[in-house]
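Student: Please take these sequences and the hints and turn them into a complete structure.
Spelled out from the first residue to the last, the chains are:
Protein chains: 2
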Amino acid sequence: MIKAGILGGGQLGRMLLQEAANYPVITHVMENDADCPAAKLCHHFFKGDITRYEEVMQFGEGLDVLTIEIENVNVEALFDLEEKGVKIIPRPAALHTIKNKILQKEFYQKHEIPTAPFKILSDRNELNSHVDMLPAVHKLATGGYDGKGVQIIRKEEDIALGFDAPSVLEKMIPIQKEIAITVAVGQGGQTAVYPPVEMVFDPVLNLLDFQLCPASIPEKVLWKAEAMAISVARNLGSAGLFAVEMFVDGNENVWVNETAPRVHNSGHHTIEAHYSSQFDMLWRIMLNYPLGNTAYIMPSIMINILGAAGYSGEAQPEGLEEVLSIPNAFVHLYGKRETKPGRKMGHATVISNERQELIHQANRIRTTLSIKGSKAI
Amino acid sequence: MIKAGILGGGQLGRMLLQEAANYPVITHVMENDADCPAAKLCHHFFKGDITRYEEVMQFGEGLDVLTIEIENVNVEALFDLEEKGVKIIPRPAALHTIKNKILQKEFYQKHEIPTAPFKILSDRNELNSHVDMLPAVHKLATGGYDGKGVQIIRKEEDIALGFDAPSVLEKMIPIQKEIAITVAVGQGGQTAVYPPVEMVFDPVLNLLDFQLCPASIPEKVLWKAEAMAISVARNLGSAGLFAVEMFVDGNENVWVNETAPRVHNSGHHTIEAHYSSQFDMLWRIMLNYPLGNTAYIMPSIMINILGAAGYSGEAQPEGLEEVLSIPNAFVHLYGKRETKPGRKMGHATVISNERQELIHQANRIRTTLSIKGSKAI
Chain C
13 MIKAGILGGG QLGRMLLQEA ANYPVITHVM ENDADCPAAK LCHHFFKGDI
63 TRYEEVMQFG EGLDVLTIEI ENVNVEALFD LEEKGVKIIP RPAALHTIKN
113 KILQKEFYQK HEIPTAPFKI LSDRNELNSH VDMLPAVHKL ATGGYDGKGV
163 QIIRKEEDIA LGFDAPSVLE KMIPIQKEIA ITVAVGQGGQ TAVYPPVEMV
213 FDPVLNLLDF QLCPASIPEK VLWKAEAMAI SVARNLGSAG LFAVEMFVDG
263 NENVWVNETA PRVHNSGHHT IEAHYSSQFD MLWRIMLNYP LGNTAYIMPS
313 IMINILGAAG YSGEAQPEGL EEVLSIPNAF VHLYGKRETK PGRKMGHATV
363 ISNERQELIH QANRIRTTLS IKGSKAI
Chain S
13 MIKAGILGGG QLGRMLLQEA ANYPVITHVM ENDADCPAAK LCHHFFKGDI
63 TRYEEVMQFG EGLDVLTIEI ENVNVEALFD LEEKGVKIIP RPAALHTIKN
113 KILQKEFYQK HEIPTAPFKI LSDRNELNSH VDMLPAVHKL ATGGYDGKGV
163 QIIRKEEDIA LGFDAPSVLE KMIPIQKEIA ITVAVGQGGQ TAVYPPVEMV
213 FDPVLNLLDF QLCPASIPEK VLWKAEAMAI SVARNLGSAG LFAVEMFVDG
263 NENVWVNETA PRVHNSGHHT IEAHYSSQFD MLWRIMLNYP LGNTAYIMPS
313 IMINILGAAG YSGEAQPEGL EEVLSIPNAF VHLYGKRETK PGRKMGHATV
363 ISNERQELIH QANRIRTTLS IKGSKAI
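So the protein sequences, as listed, match chains C and S. Quick note on numbering: the working numbering labels position 344 of the first sequence as 356, and the sequence is numbered without any gaps. Quick note on numbering: the working numbering labels position 250 of the second sequence as 262, and the sequence is numbered without any gaps.
The list that follows gives simulated cross-link-like pairs (lysine-lysine, BS3-like), each with its CA atoms no further than 30 Å apart:
(1) Lys356(S) - Lys15(C)
(2) Lys387(C) - Lys15(S)
(3) Lys99(S) - Lys59(S)
(4) Lys387(S) - Lys59(S)
(5) Lys384(S) - Lys15(C)
(6) Lys99(C) - Lys384(S)
(7) Lys59(C) - Lys15(S)
(8) Lys59(S) - Lys15(C)
(9) Lys15(S) - Lys384(C)
(10) Lys15(C) - Lys352(S)
(11) Lys96(S) - Lys111(S)
(12) Lys122(S) - Lys111(S)
(13) Lys15(S) - Lys352(C)
(14) Lys99(S) - Lys384(C)
(15) Lys167(C) - Lys189(C)
(16) Lys183(C) - Lys160(C)
(17) Lys160(S) - Lys131(S)
(18) Lys15(S) - Lys356(C)
(19) Lys387(S) - Lys15(C)
(20) Lys59(C) - Lys59(S)
(21) Lys160(C) - Lys189(C)
(22) Lys111(S) - Lys15(S)
Rather than coming from a laboratory, the hints here were simulated on the basis of the structure.
Tutor: Shown next, in the form of structure tokens:
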């Protein structure tokens with residue numbers, strides 16, 4: 013049987029392993045924490061630091077195929093493992109491009125994929141030469157993750173907040189809608205495209221944390237966005253799953269924001285709402301089977317379940333009973349013992365043919381379910 | 013977190029564990045084979061013999077809740093564990109009744125649940141006193157499993173084939189249709205009923221191995237069958253999942269054949285085709301959450317993938333590529349290393365609103381996918 017490895021053992025790894033059990037594959041997971049969400053669902057767990065060359069080499073040697081569930085891995089080791097014949101998905105060259113925000117922006121530019129105008133900076137001082145770009149988004153070239161390493165610079169006085177390191181300064185796009193499209197690329201180069209998801213903004217609660225699928229966008233925008241997402245995926249020259257995040261502005265222009273070369277938060281709804289989920293799809297790619305069917309079975313909404321503000325320590329879900337009584341809702345808790353404010357502790361998906369029902373139930377879930385902790389902070 | 017145990021580590025345990033990862037639960041599995049399908053998907057694996065009192069006691073003590081994925085377990089230990097405060101689902105008393113075909117038949121009789129007329133026999137010789145019952149089905153009281161322990165006695169000369177042990181002799185029902193209904197019973201006694209599945213007989217290949225959902229039966233038969241299934245589940249006086257297999261005869265009479273007090277082969281399609289799968293439902297019952305939604309998202313067909321005749325040894329799937337190219341098909345392989353003729357190696361489910369599409373794709377899967385082995389036998 014094929015031996016497949018995953019670098020990283022968080023919830024994405026966990027959900028990959030839930031699907032792996034449908035296929036003839038022996039699973040290996042590497043993560044520094046033996047108590048991580050994916051540790052108990054794999055054939056072989058390897059405790060190690062995915063950012064260290066020697067440890068990744070040790071883990072990867074002897075595997076047939078290897079993937080990532082987080083970008084922050086040792087790419088040098090992946091290049092060398094690829095050299096030794098391990099199939100790496102995504103290819104280290106693609107990951108190398110994406111991991112560095114400077115290279116990623118240059119990649120979009122080179123391939124004429126619309127993206128916000130930008131400048132490359134080597135230190136904070138250079139921000140002073142680009143006051144004409146403000147308001148802008150300042151992004152660290154490397155090391156940013158999950159909202160970290162990103163700083164809004166609205167006006168000259170904000171420059172002190174900027175990063176004193178290699179970075180990208182992006183002109184702020186007047187966003188009307190945020191969407192994401194996942195593209196699957198098989199080992200033979202064949203592609204399959206998931207319908208776009210839309211980040212729904214709640215005007216009452218002023219929160220942006222629903223993902224609705226399919227996105228409600230004009231056909232012209234859909235075509236543009238699909239073409240751009242496919243262009244990103246194809247030009248990266250690698251098999252894998254690519255979640256392409258995009259902005260739509262008021263003039264129906266579409267701009268690529270960022271790409272994740274892996275299973276991604278924006279694809280969680282595919283578990284129940286699509287014929288082939290993003291997790292199923294990545295196994296098909298890794299095991300060199302035909303790509304799955306990206307169509308949706310029913311429209312869906314996905315809501316992240318985050319650690320509640322004001323709590324840390326042992327996670328204590330509240331309101332789970334009520335949420336589990338919603339007839340068309342699916343709950344996934346990630347098995348993380350410790351909560352902290354904003355930590356991704358799970359997600360829920362609702363499927364329905366009625367958009368209003370989706371939004372109603374998602375709001376109900378958000379106001380009902382909370383992950384508190386054993387300590388008030 | 014709740015500590016939950018499963019006695020048995022086959023494919024049913026495996027699929028239970030795939031769902032367990034959505035819930036806050038620590039999973040323990042007991043099975044004699046450390047290489048069994050469920051061994052690598054649980055938090056704690058306990059190698060032991062589920063039919064031995066001491067080993068089951070050792071495994072069960074300290075757990076909060078315990079279930080089975082096969083009837084052939086040590087029930088005495090379950091009675092004693094229940095006494096010690098471990099929640100056993102299904103209750104040992106219900107399992108005790110079902111495990112013994114004599115007690116099971118007497119249970120149906122006592123509760124006036126229609127079942128084929130029968131006689132209780134203590135040895136083979138007694139068959140001679142019931143020649144008037146022939147053609148009949150002769151079933152061992154205990155120890156039968158998966159078609160073993162069942163013998164058709166058509167005429168007097170077949171009596172020599174009968175079992176020389178405590179057994180049940182059942183009059184043969186002129187079966188027009190075989191159906192099954194799964195009933196979920198929560199810890200508070202609340203019930204939820206899945207739509208009936210129908211075993212589809214293929215007139216060309218003379219094989220009975222599709223399960224179609226929902227069954228195509230007249231409303232009157234549906235009502236009767238549902239009422240009977242609920243009556244079986246309620247009268248067993250236990251929380252749990254109960255798969256009630258029934259016959260429908262040419263006069264629209266419905267007869268209970270057998271009941272399985274656990275997740276069951278007849279519920280595999282619920283993974284993709286229903287809001288709450290049988291595996292999800294059993295976790296809801298064990299963890300004392302609201303029952304799930306038994307409704308189907310789309311009609312479905314399920315086909316067992318069996319070890320091909322003429323092969324044993326290391327399993328080698330053939331035709332998987334083609335089956336994975338069917339847009340609305342889902343494949344589950346159980347990770348069993350060794351195949352043998354007729355062994356359950358996996359299953360596939362197709363979902364579609366068109367009954368003809370379901371049957372077409374199921375036939376395609378059956379003629380395409382086969383599990384051969386490293387040895388010809």
